[in-house]
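Residue numbers (the numbering used here), protein chains in the order written: chain A, 1 to 275; chain B, 276 to 562.
In case anyone wonders, no lab produced these hints; they're calculated from the structure.
Only true hints are included.
Cross-link-like lysine-lysine pairs, in silico, DSS-like; alpha carbons within 27 angstroms at most:
#1 A/K169 to B/K444
#2 A/K169 to B/K500
#3 B/K386 to A/K169
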Amino acid sequence: MSVLTPALNASPPGARRWAIGKTITPLVKRAIGPLVLLVIWEIASRTGVLPERILAAPSQIFVTLGELIASGEMGSNVLVSLQRVCTGLAVSLTLGTALALIAGLTRQGEMAVDSTMQMARTLPFLGLVPLFILWFGIGEFTKIALIAFATTFPMYLTLYSGIRGIDSKLVEAARLFGLSYPQLIVHVILPGALPSFLVGLRYSLGVSWLSLVAVEQINATAGLGYLINNARDFMRTDVIVVCLLVYSLLGLATDLLVRAIEHYALAWRPTFIKD
Amino acid sequence: MQTIPLDLPGTKVRNDAGLRPPVQVVPTTVTTDTQVRARQLTKRFGDNTILDQLDLDIRPGEFVALLGRSGSGKTTLLRALAGLDRITSGTLDVPQARAAVFQEPRLMPWKRAWRNVTLGLNIDQPRERANQALAEVGLAHRENAWPATLSGGEAQRVALARALVREPKLLLLDEPFAALDALTRIRMHQLILALWREHRPSVLLVTHDVDEAVLLADRVLVLEKGRIVSDIAITQPRPRSAERPEFQRVRAQLLQLLGVEIEAAPEPVAPVSTPVHTPFNFSNFSI
Chain A
1 MSVLTPALNA SPPGARRWAI GKTITPLVKR AIGPLVLLVI WEIASRTGVL PERILAAPSQ
61 IFVTLGELIA SGEMGSNVLV SLQRVCTGLA VSLTLGTALA LIAGLTRQGE MAVDSTMQMA
121 RTLPFLGLVP LFILWFGIGE FTKIALIAFA TTFPMYLTLY SGIRGIDSKL VEAARLFGLS
181 YPQLIVHVIL PGALPSFLVG LRYSLGVSWL SLVAVEQINA TAGLGYLINN ARDFMRTDVI
241 VVCLLVYSLL GLATDLLVRA IEHYALAWRP TFIKD
Chain B
276 MQTIPLDLPG TKVRNDAGLR PPVQVVPTTV TTDTQVRARQ LTKRFGDNTI LDQLDLDIRP
336 GEFVALLGRS GSGKTTLLRA LAGLDRITSG TLDVPQARAA VFQEPRLMPW KRAWRNVTLG
396 LNIDQPRERA NQALAEVGLA HRENAWPATL SGGEAQRVAL ARALVREPKL LLLDEPFAAL
456 DALTRIRMHQ LILALWREHR PSVLLVTHDV DEAVLLADRV LVLEKGRIVS DIAITQPRPR
516 SAERPEFQRV RAQLLQLLGV EIEAAPEPVA PVSTPVHTPF NFSNFSI
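So that you can see chain B by itself, here it is in the shape it has in the complex (with noise of 0.2 angstroms):
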């Protein structure tokens, strides 16, 4: 498979409309087995073409973040590796066992935690299983909560239990962090990097967050009007600085690959995100 290795300049070329997108995804020839594997996958609403011809591959265990401008199919693909919608045409192998979390928790509100986390399954000591997974995001105190007296990081972790409980070989995140403060994201974003090595699933991580996409993922995709133009590996060990210059320059590049224009920063480059005003700056945490 092709991909940018991290330390190749970035391009310079902008992904004008009509233009051709400056990397290409070349499907897998060597048959490594994946878990995920979508050959043409199209997507149609109508007139409109979300998913064009995509083809997307995932390596069992492995942790690939999704990019892309708003509209650009992100959610769509998500939806149908999950299953919640049908595909227009092409074909896509996806494994039986799946979960995802959404932006919004989407516990039921009528069911206590323990029992948000087990929904739906048929097995033995759903009590013990809930709890088991209720303590690996850290909540086995809140076993017995409703979801309406969680906070949102709280109940975003009882979703990721529910997610997790199910044991899937294909993790679905969908901008699961988005609707949280900064420092809940960044407790999440180290959870959920535990919980991938404990568990060792496929994750897919949508998300529009370049510093989040990086800092986590083994590879990022981007997507534009419904096909990926860019595949890059971060090959970065984690934990992952945002200070470190690979990382800027990743950022770069895929903030560029997006459509965003920064000015060119000297090196060594500035802080990611803008400065925090707080005592610390949280560019400083590492994962």
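Looking at chain A on its own, in the form it has when it is part of the complex (with noise of 0.2 angstroms):
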């Protein structure tokens, strides 16, 4: 066997890219069906089937993407945005961390947060902008206490189950070795509930992005929605479906961002585990 491996590893050298043409094969079929769309969707527009104030055409999009990053609007509109999101994330942080602390570790606490919160989250968020305009007007205030309203819940009822659902024979040990009431919440209750909170903040993520553009309709001078508002008072439909993009990039990079905190986070489970 010794023998034949060093004759196996010398394989041609055009093992390699053989290798590396078959991973790229299925992408390029994959990309076929969307390019495919985008060429119909260019000669639909460019013969006037599409016309420009229902749909702009990809090639003017891509145009007025370049225009908005070259002159600066793009990138200080999302700095604008994120600011919002990271405050409103903030808040729902502590907010959902805070009662799910009650409600997973003591019963009156349950009794207390939970139904209310059960009660509350199936409130639609929409449905709650006029009357946080009545409350609080319609500054900064209101569009971040929406995205933290919002964005609350997820983190709330993941965190709550995943305290709920951690192994009581590791409490009991804890307890045994001594650990006090906030160190078995610092190095056993938290870290125990932290895959299933995980899965809170990647929603409440996504809800903060889908959030903003109902929040930032409401008296805004700048954001990501204010473009996109702004640009249907324009009939720029170029402009909104720029911003549509850029959500979604946001909302990939976001997902990208929690999968680095699983990664780092999780190294003890095994599926991250590679030795």
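Could you use the hints to bring the two separately framed chains together as a complex?
Now the structure itself:
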């Protein structure tokens, strides 16, 4: 066997390229569908079948994207939106974690918090927009409060079920080995509930971008939602599509972020262990 | 304390329901210092009495095995000693420094081996202490391993290191070898005896394996219906061999107390467990 191995390793130089080709081919095949759609879209726009006020041509969209980036308009608006999302998420992270700990760790806490949360989470978020405006005005506070409201529930629900799902035998062992209650929370309960919580975080991030569209219609002078609304007023379908593209890219980026967190924080899980 | 000496012929009384147990533990009258002292220990769950006015003494450095059929209250007694369950009535004196190893390792999956060892300890140089303890159980090279990458035996050894690093006066073992394969179990038996000799804690080993009890313990207690119905001192010097007739006699006696009838074997007595069809027989091992 050991005599054969060098011969096997010295495979013809074409073999490597062959392997790359094999992984690329399915990618190309997958890209064919969307590409064909783009071409048809472009042709429809050029021939006037699809007027610009309905939907701009793909080529036009890319030109607009380039312009918005070059002028810095896109960057500054994304930054404003990002800031709102981060503030809202910071509030909901604190609130969701606190409420989940109260409901997850004590029987009284569960009675006090859980049913209320289960009721509130079914409230249609968009239906609350007018009420929040009446209560908090049309300033920055309302925008952030709405984002925080919408993103608290996924975090609360997943962390709560994560806490309830912790192996009681581990808690027992921790108690026996002299962990104090705060130590128990830090070393056992929160790490144990983390896998479940990260699912909630992913939901929350998705919801936060969605809520931006609604929130930034309220008296906004900057932000992605503002850009979309403004574009609607001027019938700039190209700008609207660009903004939608940016939304999906931001969604993708936040998903990658959560994956990175998972990779680091859940390194102990068998699926992430490589050795 | 009244105990049955090893050479006493096994009593032939079967412990049928309602029958008075043949051997009763008499509370110590000699005032030797005890590490564990339970008097009239009672634990009830609703109408079920799990521990029924149980008396128990364990001396410092003594290795006691606790046998009993399932439902006899073995685990309840261990949990009471560990302080995990509140007792219904009676008195119980246990040292503050206690540690336990359970049937499943109960390691925190999100902490590396050495962090599991020092879990909850507030000590200087925790890493060095953890590594010392891991080296004692032969796992110095696995200090950074995630629990999910450890084998069953390795995980149980980490759990043992976690117990020992606390320098317990009372070490509680709740069927810690039950889930291990036969070969690993033999190695664990050797390891636990070596560590016990080194650190000299009092040990209470809860097990359903009669051979394990006779092989390891100074004293074997049999628990039935929440009471200790017999207390047998094993005076045979270590290392003990399951081949020896004394071993066989105690084993037969214990099995009978546990309600298992075995055929009267001619002398010399047949090997302990059912013969294993491997090139070697486990009963040849001695510890």
